[in-house]
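There are 2 protein chains.
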Amino acid sequence: MADVRTTPLFHRLAIIGHGLIGSSISRAVRQAGTLAAHVAVADSDAAYLDRSRALDIADSVHADPQAAVKDADCVVLCTPVGTYGSLAAQLAPLLQPGTILTDVGSIKRIVTAEIAPHVPAGVHLIPGHPLAGTEKSGPDAGFAELFEGRYWILTPPPDCDPAAIERLASLWREIGAIVEIMDEDYHDKVLALTSHLPHLISYTIVGTATDLEEHMKQDVIRFAASGFRDFTRLAGSNPVMWRDVFLNNREAVLEMLQRFQEDLTYLQRAIRWGDGETLEKLFTRTREIRRGVIDAKQDIPPQPKDLPPEQS
Amino acid sequence: MADVRTTPLFHRLAIIGHGLIGSSISRAVRQAGTLAAHVAVADSDAAYLDRSRALDIADSVHADPQAAVKDADCVVLCTPVGTYGSLAAQLAPLLQPGTILTDVGSIKRIVTAEIAPHVPAGVHLIPGHPLAGTEKSGPDAGFAELFEGRYWILTPPPDCDPAAIERLASLWREIGAIVEIMDEDYHDKVLALTSHLPHLISYTIVGTATDLEEHMKQDVIRFAASGFRDFTRLAGSNPVMWRDVFLNNREAVLEMLQRFQEDLTYLQRAIRWGDGETLEKLFTRTREIRRGVIDAKQDIPPQPKDLPPEQS
Chain A
322 MADVRTTPLF HRLAIIGHGL IGSSISRAVR QAGTLAAHVA VADSDAAYLD
372 RSRALDIADS VHADPQAAVK DADCVVLCTP VGTYGSLAAQ LAPLLQPGTI
422 LTDVGSIKRI VTAEIAPHVP AGVHLIPGHP LAGTEKSGPD AGFAELFEGR
472 YWILTPPPDC DPAAIERLAS LWREIGAIVE IMDEDYHDKV LALTSHLPHL
522 ISYTIVGTAT DLEEHMKQDV IRFAASGFRD FTRLAGSNPV MWRDVFLNNR
572 EAVLEMLQRF QEDLTYLQRA IRWGDGETLE KLFTRTREIR RGVIDAKQDI
622 PPQPKDLPPE QS
Chain B
322 MADVRTTPLF HRLAIIGHGL IGSSISRAVR QAGTLAAHVA VADSDAAYLD
372 RSRALDIADS VHADPQAAVK DADCVVLCTP VGTYGSLAAQ LAPLLQPGTI
422 LTDVGSIKRI VTAEIAPHVP AGVHLIPGHP LAGTEKSGPD AGFAELFEGR
472 YWILTPPPDC DPAAIERLAS LWREIGAIVE IMDEDYHDKV LALTSHLPHL
522 ISYTIVGTAT DLEEHMKQDV IRFAASGFRD FTRLAGSNPV MWRDVFLNNR
572 EAVLEMLQRF QEDLTYLQRA IRWGDGETLE KLFTRTREIR RGVIDAKQDI
622 PPQPKDLPPE QS
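If you're matching them up, the sequences are chains A and B in order.
Quick note, our numbering runs 321 ahead of the 1-based positions in the first sequence.
Quick note, our numbering runs 321 ahead of the 1-based positions in the second sequence.
Watch out, some of these pointers could steer you wrong.
Stated by the list, open to error - Partial list, computed: chain B residues near chain A (C-beta under 8 Å):
1. His332
2. Ser516
3. Ile526
4. Ala556
5. Arg571
6. Arg606
As the list claims (entries may be wrong) - DSS-like, lysine-lysine: derived pairs with alpha carbons at most 30 Å apart:
7. A:Lys538 <-> B:Lys602
8. A:Lys457 <-> B:Lys391
9. A:Lys602 <-> B:Lys457
10. B:Lys457 <-> A:Lys538
11. B:Lys602 <-> A:Lys457
12. B:Lys538 <-> A:Lys457
13. A:Lys602 <-> B:Lys538
To be clear, the hints were calculated from the coordinates, so they are not data collected in a lab.
Computed from a predicted structure; not experimentally measured.
Every residue, glycine too, gets a C-beta built ideally from N, C-alpha and C.
Please model the entire structure based on the sequences and the hints provided.
Here is the structure:
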């Protein structure tokens with residue numbers, strides 16, 4: 322946390338899409354006290370709006386995103402990336418010069434492609450991606466501590482105003498995140514391997530299970546061992562969000578998938594021919610990466626302070 | 322827990338292999354008080370023996386497994402399944418009639434194949450498999466609560482003595498497990514999907530990451546997002562144990578792998594051709610399985626009472 326702040330960093334923070342990430346941001350910003358004088362949220366789902374009001378985690382709640390962004394000096398898109406084009410066309414022209422427009426999507430090149438054409442001169446478009454989340458959806462799933470100690474990647478275009486980047490970085494730092502600046506294509510490639518491919522594989526294997534004969538399917542669920550259990554968690558994530566990720570990060574995902582398939586075929590062959598040496602060699606080599614992940618302190622899933630993890 | 326027990330269920334419980342599972346059993350049995358009058362443990366690793374003595378979690382600690390099983394009325398093999406043949410040849414002839422011989426291996430058909438030929442008449446061979454574990458190894462990694470609320474599958478041969486099965490089931494029930502009886506081939510098929518395939522895939526994808534150029538590899542570790550993080554945990558499991566699982570459950574693993582590959586290719590094609598409907602349909606369908614896993618209360622990883630999860 323920075324020194325105690327006397328004036329708000331933003332006058333009006335507009336959060337478009339109030340699900341897991343959006344509602345975690347509004348909670349965290351409100352909890353921090355002086356980051357934004359007003360937190361306005363919008364969602365197209367009436368049930369989400371009702372819950373957002375009932376939870377009292379925003380200063381104003383809007384069905385109309387145009388009403389939420391009016392006079393905002395920071396706008397955060399927290400909707401599936403498939404909505405970016407139409408949202409940008411609708412909202413960007415309303416923004417005043419100096420306003421920061423950012424997002425939290427899992428892929429970044431698309432932000433520039435879909436949103437930039439609509440952005441008026443003087444508005445700072447700074448795509449972003451917090452590496453934080455759970456498999457849950459909706460405003461009830463959010464919590465203020467979601468971003469603590471997590472990376473928040475920003476992929477500003479090369480000509481972006483450094484002062485605007487620093488202002489946005491301060492916002493995310495003050496709710497606990499570690500901000501990193503990165504090239505958008507590089508981001509999409511790294512995430513294709515660390516996040517998109519694991520989700521695709523999890524959806525696949527859980528899908529494979531749903532096609533088993535009924536008796537065995539029930540036992541697969543009953544005796545879900547370590548491994549399958551983790552995969553079902555990933556495969557329980559928001560379907561629309563993930564559909565959009567795969568449709569919009571196609572090249573990077575297909576490239577990593579190709580590498581993965583080759584490596585899997587190599588192990589498949591080792592199993593078929595009883596080549597224990599090849600198996601043990603790889604199984605030992607992978608431990609180095611695990612050690613790195615633990616050292617980077619990214620091994621513990623985020624969790625709210627007052628709830629046990631993974632209850633539902 | 323059953324009614325308070327006045328006489329021990331076993332006079333001498335011998336645990337061969339004192340790693341994560343073996344040391345969790347000895348802890349749990351000693352903590353339960355009256356389950357075994359004496360807990361003897363053996364391991365071929367001198368460092369494991371030293372730690373087992375220092376932790377004071379067994380009544381006697383042996384380098385020689387023959388010394389541990391002498392006069393035992395229950396013997397539990399907790400070593401990698403690749404050791405079963407030679408261990409059985411060495412130990413089974415020493416067992417007295419009435420003794421129960423069991424194991425905790427992840428595959429079950431091999432137990433009958435490798436061990437049964439060595440077992441003298443009157444000794445009860447009852448293969449077993451607790452669906453519990455973490456990715457850690459060694460006697461320091463064990464904890465008494467590992468089996469609480471977890472399934473413990475027994476795959477006794479059709480002609481096995483029901484009284485012996487019930488006696489062994491009581492032992493595992495009294496340390497918190499839910500005992501299920503199952504056919505060995507069926508067990509190996511279900512576990513191929515729920516455990517073996519997820520581990521194989523995790524080893525593969527983490528292996529794919531180790532082959533990236535150094536700069537990207539470091540960023541994959543640093544920005545390990547949800548997904549990859551879980552996969553590195555599975556890929557940090559004991560390499561020798563998993564080598565043996567794949568070598569000895571070849572047919573079931575290859576069959577499930579084949580199904581998985583077909584399903585993955587189907588999704589790959591949907592991504593390549595931008596078929597969002599197919600993606601969303603599958604991503605929605607998999608949620609049903611997640612719900613089932615949560616309802617079966619198998620979604621929360623086991624953890625020791627006095628330690629936060631996944632610290633190391």
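Right, here's what the structure says about each hint:
no., hint, result
1, His332, "violated (32 Å)"
2, Ser516, "holds (4 Å)"
3, Ile526, "holds (6 Å)"
4, Ala556, "holds (4 Å)"
5, Arg571, "holds (6 Å)"
6, Arg606, "holds (6 Å)"
7, A:Lys538 <-> B:Lys602, "holds (19 Å)"
8, A:Lys457 <-> B:Lys391, "violated (53 Å)"
9, A:Lys602 <-> B:Lys457, "holds (18 Å)"
10, B:Lys457 <-> A:Lys538, "holds (29 Å)"
11, B:Lys602 <-> A:Lys457, "holds (18 Å)"
12, B:Lys538 <-> A:Lys457, "holds (29 Å)"
13, A:Lys602 <-> B:Lys538, "holds (19 Å)"
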